[in-house]
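Q: Chains X and H, in that order, give the protein sequences. Using the numbering used here, read the first sequence as starting at 103 and increasing by one per residue. Using the numbering used here, read the second sequence as starting at 103 and increasing by one per residue.
Everything labelled a hint here was simulated from the structure, so no lab data went into it. Glycine is no exception: its CB is placed at the ideal position from the N, C-alpha and C atoms. Please note: incorrect hints may appear among the correct ones.
[Unchecked claim] So the derived label-pair ranges between C-beta atoms look like this:
| id | chain 1 | residue 1 | chain 2 | residue 2 | range |
| --- | --- | --- | --- | --- | --- |
| 1 | H | K138 | X | I152 | 36 to 46 Å |
| 2 | H | K135 | X | K135 | 29 to 39 Å |
| 3 | X | K114 | H | F192 | 39 to 49 Å |
| 4 | X | K135 | H | Y156 | 35 to 45 Å |
| 5 | H | K111 | X | Y256 | 34 to 44 Å |
[Said to hold, decoys possible] Computed list of chain H residues with no C-beta within reach of chain X, every gap over 10 Å:
| id | residue |
| --- | --- |
| 6 | P119 |
| 7 | H221 |
| 8 | K224 |
| 9 | A255 |
Protein chains: 2
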Amino acid sequence: MEIIKREIKSIKKRTFPKKICFEPIGIIKTPFKSLKGIPIQFYQSEAEGIIQIYPKHSPGLKDLEGFSHIYCVYFFDMVKLPVPLQSKPFLDDKKKGIFATRTPFRPNPIGISILEIIHIKKNLIKVKNVDILDKTPILDIKPYVSRFDYIKAYKMGWLDGKVVKKSS
Amino acid sequence: MEIIKREIKSIKKRTFPKKICFEPIGIIKTPFKSLKGIPIQFYQSEAEGIIQIYPKHSPGLKDLEGFSHIYCVYFFDMVKLPVPLQSKPFLDDKKKGIFATRTPFRPNPIGISILEIIHIKKNLIKVKNVDILDKTPILDIKPYVSRFDYIKAYKMGWLDGKVVKKSS
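Chain X extracted, bound-state conformation:
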């Protein structure tokens, strides 16, 4: 990308941040009004939702409708910290390290779902495959690009044999 110097901090003055703060860029409206019944994974969900990007960020959505899918990055705001670092995941009865699971209960409760774009109207992105609680704060939207993002993972750890193959 075109890097304009004034957009970059001085590497000489670089210090390691102890705290990293973000402001939500929007909110997602979904059919899931409580924590019960939310699909475990986006790839198993047919539910639709609407990402409302704050109008001040709308110009950033230009050209996004050309893509079929997005990474939706969000904040699991219902998680109370600190979380245990090992816990039983949904698909197993033995405790796993939380970085080896997709649990929302992580030190930094960041969620990532790959959602299909139905359409974009102004600042509203209508999406499919939603597995997110209603009114969840959105941190970022990135285009999903199969050629970058499809990796032939050859090991899937404790999940091997536990996940159902996609029907499509």
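Based on these hints, arrange chain H on the given structure of chain X.
A: Relative to chain X, chain H alone:
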């Protein structure tokens, strides 16, 4: 997963956060000491790096070595905010909405790279396919699971015809 009630906030008292703050869970050491020469995408990089997870989070790494790939979620700490909402990406000469690009210059400068695990020793994850500046703060690690994460994206917008197919 097993949801323990005390880990969840009360949904009745839920308020929308204006600011969301995280603490890094570690740091990545890479060969890229300056912004020049960093690969544009992880899938084009053969470079290796070491994610140093802070020892207090080490128990969360249990079972991760069973997976071949991870999502590494990190903070582009060199980006100066605010950023323009449209900019010319690396692969085109016309301005695009930044949510339709992978530029680090985004309102919330969150990066996601899919990295191959070489090995894990204690709190150190040796990884491949690195496209990240040395000493970048790490926010989260999640297992990459092809069956969840491989989506047949059928539209790739302005990137169509611009990305080189993976050689593997």
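Q: Does each hint fit the structure? Answer for all of them.
A: Status of each hint after checking the structure:
1. For K138 (chain H) and I152 (chain X), the hinted distance range of 36 to 46 Å is satisfied, since their beta carbons lie about 41 Å from each other.
2. Between K135 (chain H) and K135 (chain X) the beta carbon distance is about 49 Å. The supplied range of 29 to 39 Å is therefore violated.
3. Between K114 (chain X) and F192 (chain H) the beta carbons are some 25 Å apart, a value that contradicts the proposed interval 39 to 49 Å.
4. As the Cβ distance of K135 (chain X) to Y156 (chain H) is approximately 36 Å, the hint placing it in 35 to 45 Å holds.
5. At about 39 Å, the CB distance of K111 (chain H) to Y256 (chain X) agrees with the hint of 34 to 44 Å.
6. A cut-off of 10 Å between C-beta atoms contradicts the statement that P119 (chain H) is not in contact with chain X; the least separation is 6 Å.
7. Non-interface call for H221 (chain H) relative to chain X: holds, since the shortest CB-CB distance, roughly 12 Å, exceeds 10 Å.
8. No beta-carbon of chain X is positioned within 10 Å of the beta-carbon of K224 (chain H); the least distance is around 13 Å.
9. With a minimum CB-CB distance of about 5 Å to chain X, A255 (chain H) fails to clear the 10 Å threshold, and the non-interface call is violated.
Against the hints set out earlier in the document, violations occur for numbers 2, 3, 6, 9.
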